[in-house]
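One-letter residues, chain by chain:
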Amino acid sequence: MAARDRRSPAKQREPQPVIVELGAFALILALVLAALTTVLATAGRWRLSPVLAGAGGGALIASAAATALAFAALIYAFAVSDFSVSNVALNSHTDKPMLYKVAAAWGSHEGSLVLWCLVMTGFGGALALARGLPFGLKTSGVAVQGALSTMFLAFAVFTSNPFARLDPAPVQGASLNPLLQDPALAFHPPLLYAGYVGFSVCFSLAVAALIEKRVDPAWGRWVRPWALASWAFLTVGILLGSFWAYYELGWGGWWFWDPVENASFMPWLAGAALLHSAIVTERRGALAGWTVFLAILAFTFSMLGAFLVRSGVLTSVHAFAVDPQRGMMLLAILGVAAGAAFLLFALRAPAIRSGAAFAPISREGALVLNNLFLTAAAATVLLGTLYPLILEGISGATISVGPPYFNATFVPLLVVACLILPAGPLLAWKRGDLKGALQRLWLAAGLALMAAFAAFALFEPKKALAAAGLGVGSWLIFGALAELATRTKAFRAPLAETLRRAKGLPLGAWGMTLAHAGLGVFILGAVVETSYKAEAAAAVPLGGVVSSGPWRVRLDAVEVIEGPNYLAEQGRLTVMPVSGGAVERVVTAERRFFPAGGQTTTEVGLDFRGLDDVYVVMGERAATESNEQAWTVRVYYNPWARLIFLGPLIMALGGVLSLLDRRLRVGAGTRKKTVEARA
Amino acid sequence: MRRLAPLVGALSLLAGAAPTLVLAEPPPAPDRPLPDAAQEARARALFTDIRCVVCQHESIADSPAGIAADMRRLVREEIAEGKSDQAVRQDLVRRYGDYILFQPPVRAGTWLLWFGPFALVLGAGAVFVWRARRRRVEVQPLTADEERALAQLTAEPDETESLSPRS
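Chains as they are written, first to last, in the working numbering: chain B, 12 to 690; chain V, 408 to 574.
By construction, these hints were calculated from the structure, which means they are not laboratory data. All C-beta atoms, glycine included, are put in the ideal place defined by N, C-alpha and C. There's no promise every hint is true.
Simulated restraints on C-beta separations [to be verified]:
| # | chain 1 | residue 1 | chain 2 | residue 2 | range |
| --- | --- | --- | --- | --- | --- |
| 1 | B | V589 | V | P440 | 14 to 22 Å |
| 2 | B | A504 | V | P440 | 58 to 66 Å |
| 3 | V | G489 | B | Q336 | 48 to 56 Å |
| 4 | B | K474 | V | P440 | 17 to 25 Å |
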């Protein structure tokens, strides 16, 4: 019990029970207000009353405020370690650093559900405040968003009350899973949820458009900013989760095609397809029905993801808060919301006008291909994730679907999509000139081919597939640059003219170029890391060396250190180049033991070397053959790993730039920019 | 009791009684790579395809579990005996079922899984082409009036631009 007495009791503030009660009340209030939103907005739409409709919007904003209050109260309960709240007792501990006490508020099922509701009502409130939307669409959209919020808030209040009390309150909490006590993971859920749940507004606007029987180019423009924002959030959210897995799980992997990862990847793919098809709807009035379908699908995938993760029907390395009964509730919500939306779609879609016709070789045609491949990719991930479940349910046979499956199905689809991609932005709307587009791309194609051959010649061992993959990544980057050069007349007009044009390019154009190049950067990193990584492990005594790739790592010292809520064996290691040239650097790697939960985690030592990572893991104690004291040291050499995380960041930045484009701000001078971009 | 052991170790450490961290179970012996580099590379490639039976969606290449270490040893032994990759896989499937491999088998029950994505692309692509053919874009030359209107429209932005230069 020595550990307990060392803690200074002065820092522990006495919890204020009333705040928790206020939070519980605020959550119920939020539910009532969300239900009221639906009633008022529906009545307002029905009677064409701006007053009732406005009251509906106001109720949704108030519901968001009440949810925010509830969430703040929950964070307070965690911050002061009020163990009379069972959620806190189960997921927190007084010894935890403050950041993780606060982050634990969304680390549990109940807390994350409140966060989900907060994002949903918050985005709904933003929709209610949005200007420029027609009365009918906005009011119906608010009504639908209110109905969605009602279902999820009811789920929170009735089955997952985050403020449920424990009597008597325990003296100490059970603590958060130490794997989750990590800065990247503290911010991963809020961003992920902002993305997941942001798509609910696209969903609501799609259902509203079906109710209003009005899907036109303007609708495409209204739905696009929501899709862009959600997609950018989701990109960064997934990125953080992946980066966390990379350095916290301690084996250097960053994507496992794990069901929980897939669950977040499906809405991302559907959202990416939605972004692109909404452009066609906005600019050409075409694909309207398909864009509506994708808007519904993206949030359906979000709900499916929540169900898969929370219900525990799938086993995963990421599933931390699992409960089968609540899974049934989520399945019911999913069934009602998605079922109603798709039924409405089936009834109303045939009446949606198909918009302007276009030739297969055109910007629209390219975007249709993009959608075809993105949707097929999403379907592949869906199949791969659910197939084992379905097959076991039907025939009792158990199979595992893992990386080999996705490498054989998803990757080829992605490759074909990437090969087509750079031509798309160079094609004109309605009827494109493929020859002209390819003529502008020949330099990019030549450079990409050279990159592939150079990779084949330079990288050891020689791998044709990896070289081809590098070619594809380079093709995307050079293709994006070629497209930029075309728009700015680079090298064909005086520099001043090019700069003037570059300055005049709409932000959306920069956003697209960045996002496409970012995908290329990611592919370069993913290909090189996967194909050329090296790994070595050995039991070494102090002074012993483990070599991996071009690096040697020497174990210099091991000491036992005491963290705020853990004990650790910390190894100090020197990373040295095998053949000179680079400087030596010291990294520390830890193996942490958390007494509160009896768990052990690893903190890897990461040595950033340019684009490469030298990734060092301290393992268990062992003995050498001569029975010397030794430690298992694993060294991973992950070449170009930096690009894997840089690429998606660039993509998200592209999304944000597009979001800031004047064109998307409803009512801004749209024509001028549009015409200029096409010139 | 197993969970308590490290706790006891940790606490005694805090009290300064023992200078070392006592661990719950004897750690599994670190993997002994095969002497033949080519065989070792084959073994490692296989590891990533084999699912650890006690973990959640982890391959035995990644899993720290003791049983994963046992399975790695087993695979290495079989490869050292000269078995082909295919034979090693078959052995594993015989012992643990299809579940053990991350690559699902191709048989009647999994056709949809394996060929569904490609069928979807081909099917949807065919529908798109068919629809595009059905409503071919009819290109008619513009009338004189339309030409004039178009010229006016395309000329407009440049004018506004020269009137209000962007900062």
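Original post:
Against the structure shown, which of the earlier numbered hints fail to hold, in ascending order?
Top reply: none
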